[in-house]
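Undergrad: Sequence:
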Amino acid sequence: PISSCMLRCTMPPSSSLPLTLLCLAVVQSFALQSTLFADSSIAMASYGTRGTTIFRSAFVRSFVGGGGRLTRRATHNNRSNTQHLFRSSSSFPLHLSSSTMRSSSSSTSSPEESANGVKEQREWSNYEKLVRKLYMTNLFNPVKLGLENMDKLHKSIGSPMDQPDISVIHIAGSNGKGSVALKTANTLRLADYKVGLFVSPHISSFRERIQINGEPLSEAQVEKYLKEIYDICEEQEIPATFFEVTTALAFRAFAQEGVEVVVLETGLGGRLDATNVIKHPALSIITSIGLEHTRILGDTVELIALEKGGIIKEGRPVLVGNNVPFETLKQCAEEKKASQIYQCEDLLGPEEEQIMIEGKETFEDYDAENS
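If you're matching positions, the sequence shown starts at -8 in my numbering and goes up one per residue.
A portion of the hints provided could be inaccurate.
Derived DSBU-like pairs (lysine-lysine); straight-line CA-CA distance at most 35 Å [said to hold, decoys possible]:
id: 1; residue 1: K143; residue 2: K328
id: 2; residue 1: K218; residue 2: K185
id: 3; residue 1: K185; residue 2: K146
id: 4; residue 1: K120; residue 2: K135
Using C-beta positions, here's what the derived DEER-type ranges look like [stated by the list, open to error]:
id: 5; residue 1: E199; residue 2: E283; range: 20 to 28 Å
id: 6; residue 1: P133; residue 2: L181; range: 22 to 30 Å
id: 7; residue 1: N117; residue 2: N314; range: 43 to 51 Å
id: 8; residue 1: E226; residue 2: L338; range: 45 to 53 Å
id: 9; residue 1: L338; residue 2: G169; range: 16 to 24 Å
id: 10; residue 1: G340; residue 2: L282; range: 27 to 35 Å
id: 11; residue 1: I287; residue 2: D183; range: 37 to 45 Å
id: 12; residue 1: E226; residue 2: P341; range: 55 to 63 Å
id: 13; residue 1: L181; residue 2: Q322; range: 31 to 39 Å
id: 14; residue 1: E283; residue 2: G149; range: 32 to 40 Å
id: 15; residue 1: K174; residue 2: E226; range: 33 to 41 Å
Everything labelled a hint here was simulated from the structure, so no lab data went into it. Glycine included, C-beta positions come from ideal geometry on N, C-alpha and C.
When you get a sec, could you build the whole thing from the sequences and use the hints?
TA: As structure tokens, this is what we get:
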């Protein structure tokens, strides 16, 4: 609800109530549909039309509070809410020009409550400014399916995921891909590889999406590599989306930090997902197929399987889980000239023989399908 956010809008003097409500609806739609959860408070930039600022600053606060916990602002009466919403907010002059990737040097701050209960202004760190800017990206660069932007971005950073000294395990699926990615990354790390893990979404910190040997990137690393990605997008006029910028950030960080193996989880689908710019994965994995995102991926499990199967590459093996339309994926793998398509039992033997052993004790894995 709008009352749970701190939204400040400057309306034209002649605005009517219907226009006012429409503007609020648009702001709320942005807040709900764009991925706007950050490490702390999140800001939406001013948006100008013919010199008239419609949204001087729709400043979305109280989504995530201290420590990454989801918080809400206390509810006020309707009259004070209305006064609060339409109060001028020149105190937050963040501006995005025609190049939405341009850095803002505006001074910004975040209110924090002191011991005596008085709100004090705290200057945002460069990391916070950069991440807030990232969360605003989709407001100005609408999401579109396709790999054109990501191809340009990947090439601009040296195509690190296609280098022979980095092995990539690419994982897609309707369910289980996050679990498989985490277990695969941990297994490789315990085998003394330096492992990069890219997953989404995050829970409490943006940095959870990009991990090296089980540790999220530091704020300093995000600040360094994210600025490099922004500079490339501006110089080459690449209108990259939130997920494309985040994916490029992960690729850049993994390459610069000397990662040996990258475990890469797709965001949506597979064929047109930003992660699918990689050309030579060591292994592609499709965990399961179910009805999801049917308007984008198709309205049958077979059509969705073909979209997920887009991560299968020529001359590379693919492993599929039990809950997939196997014949559809097998035909897809043959058409793409994959080196081999495996099911779990091909490698582990019949399911009844798969017993997990630790010392002298045996136990049943509660997540056996993904294991």
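Undergrad: If a hint holds in the structure, say so; if it doesn't, say that too.
TA: Against the structure, the hints:
no.: 1; hint: K143 x K328; in the structure: holds (26 Å)
no.: 2; hint: K218 x K185; in the structure: holds (24 Å)
no.: 3; hint: K185 x K146; in the structure: holds (24 Å)
no.: 4; hint: K120 x K135; in the structure: holds (25 Å)
no.: 5; hint: E199 x E283: 20 to 28 Å; in the structure: holds (22 Å)
no.: 6; hint: P133 x L181: 22 to 30 Å; in the structure: violated (42 Å)
no.: 7; hint: N117 x N314: 43 to 51 Å; in the structure: holds (45 Å)
no.: 8; hint: E226 x L338: 45 to 53 Å; in the structure: holds (46 Å)
no.: 9; hint: L338 x G169: 16 to 24 Å; in the structure: holds (21 Å)
no.: 10; hint: G340 x L282: 27 to 35 Å; in the structure: holds (31 Å)
no.: 11; hint: I287 x D183: 37 to 45 Å; in the structure: holds (40 Å)
no.: 12; hint: E226 x P341: 55 to 63 Å; in the structure: holds (56 Å)
no.: 13; hint: L181 x Q322: 31 to 39 Å; in the structure: holds (36 Å)
no.: 14; hint: E283 x G149: 32 to 40 Å; in the structure: holds (34 Å)
no.: 15; hint: K174 x E226: 33 to 41 Å; in the structure: holds (39 Å)
The structure does not agree with numbered hint 6 stated previously, though it agrees with all others.
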